[in-house]
Each structure stands twice: as structure tokens, then as C-alpha cells.
Amino acid sequence: MRHIAIFVPESAWAGSVTLTLEMLETAIAFQERKHQKRSMSVDLIGLTNKPVPTYSGVLITPKLSVLQASTQYDAIVIPAIWDIDSQYLQRHKILYPWLRQQQEGGAIFVGALTGTYLMAEAGLLDGIRATTHWHYANDFRQRYPKVDLKAEMMQTSDKGCYCCGGVNASLDLSIYLIQLFCSQSIAQLCERHCLMGTRRDYQRLTVDTIERKQHQDTRILDIQNWVEIHYAEPIGIHELTARFGFSTRNLSRRFKAATGVSLQTYIQEYRLEIAKALLEDLSLSIQQVCFKVGYESLTVFGRRFKSYTGCSATDYRNRMTSGSI
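Numbering of the sequence shown is given in the numbering used here, commencing with residue 9 and proceeding in unit increments.
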């Protein structure tokens with residue numbers, strides 16, 4: 009059994025707490041419906057166990073206070089907060105030792121928008137990449153100079169800390185937790201039934217996407233981040249060697265050593281992961297999806313998609329949008 013905690017801070021966006029909770033409980037309900045063993049539990053944690061006023065005035069009652077929460081959690085979610093300042097951060101000072109203790113025990117962290125402030129205040133983000141709500145980027149950067157802030161990114165993942173800079177990205181991280189702690193099939197069910205129609209212009213985190221960035225070669229990470237922005241354009245190894253200052257042989261060797269796959273495979277699989285997400289948008293034709301992810305030939309796209317997923321793009325779209333359980 010995996011254990012997840014959602015911290016409930018004062019002035020949180022109520023939906024940031026409840027949507028995450030309901031997504032995770034939906035996954036548990038699908039496990040029960042499919043007669044699968046329940047694989048996770050979810051606790052609400054607060055500074056105390058008294059009702060917490062959220063920004064909208066909705067009261068949310070934690071199950072436990074941080075001083076009562078002796079469980080070692082596998083994941084801790086910190087929701088978005090309205091209006092952060094120094095006094096607010098000071099009022100939460102008893103939280104930070106608990107967060108550090110949980111990190112030492114192996115917990116991963118998911119910070120939604122301004123929730124990343126509490127992670128940074130505890131020192132969890134020192135020396136790693138993170139993002140936050142764009143409005144607070146300058147303040148965040150000044151408060152936490154040790155954090156490698158990527159405010160232009162919707163999602164970041166680094167050393168067990170997952171941050172998001174938007175509501176849709178926050179929901180996608182809930183799907184990632186379900187994929188990680190339940191299964192891919194349960195995550196897909198939750199996404200179809202809870203998130204259908206959501207439009208995204210960024211790449212969602214998947215297990216493979218995250219694992220292939222868990223290395224320390226910062227120059228290769230720069231290339232991966234560049235590919236995530238320019239995947240729809242023609243990308244040649246000669247352009248990358250010129251842009252990032254590698255020889256062809258050195259780039260090929262270092263990229264595979266860092267990620268476990270060749271550069272060409274990485275680009276192709278990244279494009280196909282984007283295509284999988286776009287195929288769930290019924291307003292796009294398969295040809296449009298093909299062009300949006302950087303393929304010029306529908307035949308080549310179809311062949312590579314089937315080789316990667318085991319089914320045609322049409323079959324994949326029908327399966328993902330049918331709504332069947």
C-alpha cells in the first residue's frame with residue numbers, strides 16, 4: 009500500500025486540494041470496480057487538525073496535524089495558495105522540518121503553482137529545477153536563489169520534486185501519481201472520465217519522460233529541454249551539434265549514456281507521446297496530428313505510431329475516446 013498526503017495550507021485554492029483528492033479517490037474507486045487490490049491511501053494533513061479556511065472561504069478539515077502524522081508517506085502534494093508573503097511563510101515554520109524528514113524517508117513531492125513556495129522554504133528545491141505561478145516568478149527567484157527556477161515551463165521534475173505552473177498541469181501530475189502508484193490502465197480511465205476535453209500545449213510527464221531526465225548531465229538536459237519546445241520542427245543532429253557545441257560522435261555517446269536511448273529514438277518517441285495526447289482531441293484530424301508533431305508523411309507517421317504503440321492511430325483514438333471501462 010502506497011501512502012499519499014495532501015497538505016492543506018491556509019488560503020489554499022480549495023479546488024487545488026479537492027480536485028487532487030477526488031482524482032486519487034476516483035482511481036481507488038476504479039480499482040474496486042475492476043476487483044483490483046487497493047494500492048494507495050490518501051490523508052489530508054494540516055498544521056493542526058482543525059478546519060482550515062481556504063481562499064474562497066470553504067473549510068477543509070485535515071485528518072491529522074503535521075505533529076500527529078507519523079506515517080512515512082510515498083508522496084506529498086502541496087496545493088496552490090493565494091497570496092504568499094514572508095508572514096505567511098513564517099506561520100508555516102513547523103511544516104518545514106516535517107517536509108525535510110519525509111524527503112529523507114524517500115517521499116516524492118508535487119507542488120502546484122504557489123505551493124512550491126513551501127517546498128522551497130523547506131530547502132527541498134535547492135540546487136534543482138522548479139517552476140511556479142508566473143506572477144510570482146520574480147519574487148520566488150529573489151527569495152530562493154539556490155533554486156533553478158524555470159518559470160517558462162508548465163512542469164518540471166528533478167530529484168523527486170515535481171512542480172507545475174498551471175491548473176491543467178496540476179491535474180496531469182495527479183494522473184502521473186495514479187500511473188505511478190496504481191497502473192497505466194487506471195490512470196487512463198481517470199483521465200478519460202475526469203479530464204476529457206482538457207487542452208494542453210505542453211508535454212505531460214510520463215514515467216519514461218521523467219526517468220530519461222533523471223541524470224546529472226546538464227548539457228544533455230539542455231538538449232532535451234530544447235527538443236521539448238522544438239519537436240514539431242525538423243531536427244537534425246548537425247543542427248544540434250552546432251547549437252550546443254558537440255561533435256557528432258560525442259553527442260551521440262553522451263546522449264545515450266545519459267538517457268539510455270539514442271538521440272533519434274528520443275526525438276521520435278517524444279513526438280509520438282505528443283501525438284498520443286493530441287489524438288484525444290477529436291477536433292484534430294489524424295493528418296493534422298501528424299503535421300503538428302513534426303512528420304511530413306502520413307504514411308511514415310502511421311508506420312512509426314503503430315510500431316511504437318502496437319495499434320494504428322485510428323484504433324488508438326477510438327480506444328481512448330470511447331469512454332468504455
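Do not rely on the hints blindly, as some may be mistaken.
In silico PhoX-like links for lysine-lysine, alpha-carbon gap of 25 Å or less [stated by the list, open to error]: (1) Lys71 with Lys45; (2) Lys221 with Lys264; (3) Lys71 with Lys167; (4) Lys314 with Lys264; (5) Lys300 with Lys221; (6) Lys314 with Lys284; (7) Lys154 with Lys45; (8) Lys58 with Lys45.
Source of the hints: derived by calculation from the structure; they are not laboratory data.
* Hint numbers contradicted by this structure -> When the structure is compared with the hints, numbers 3, 7 and 8 turn out to be violated.
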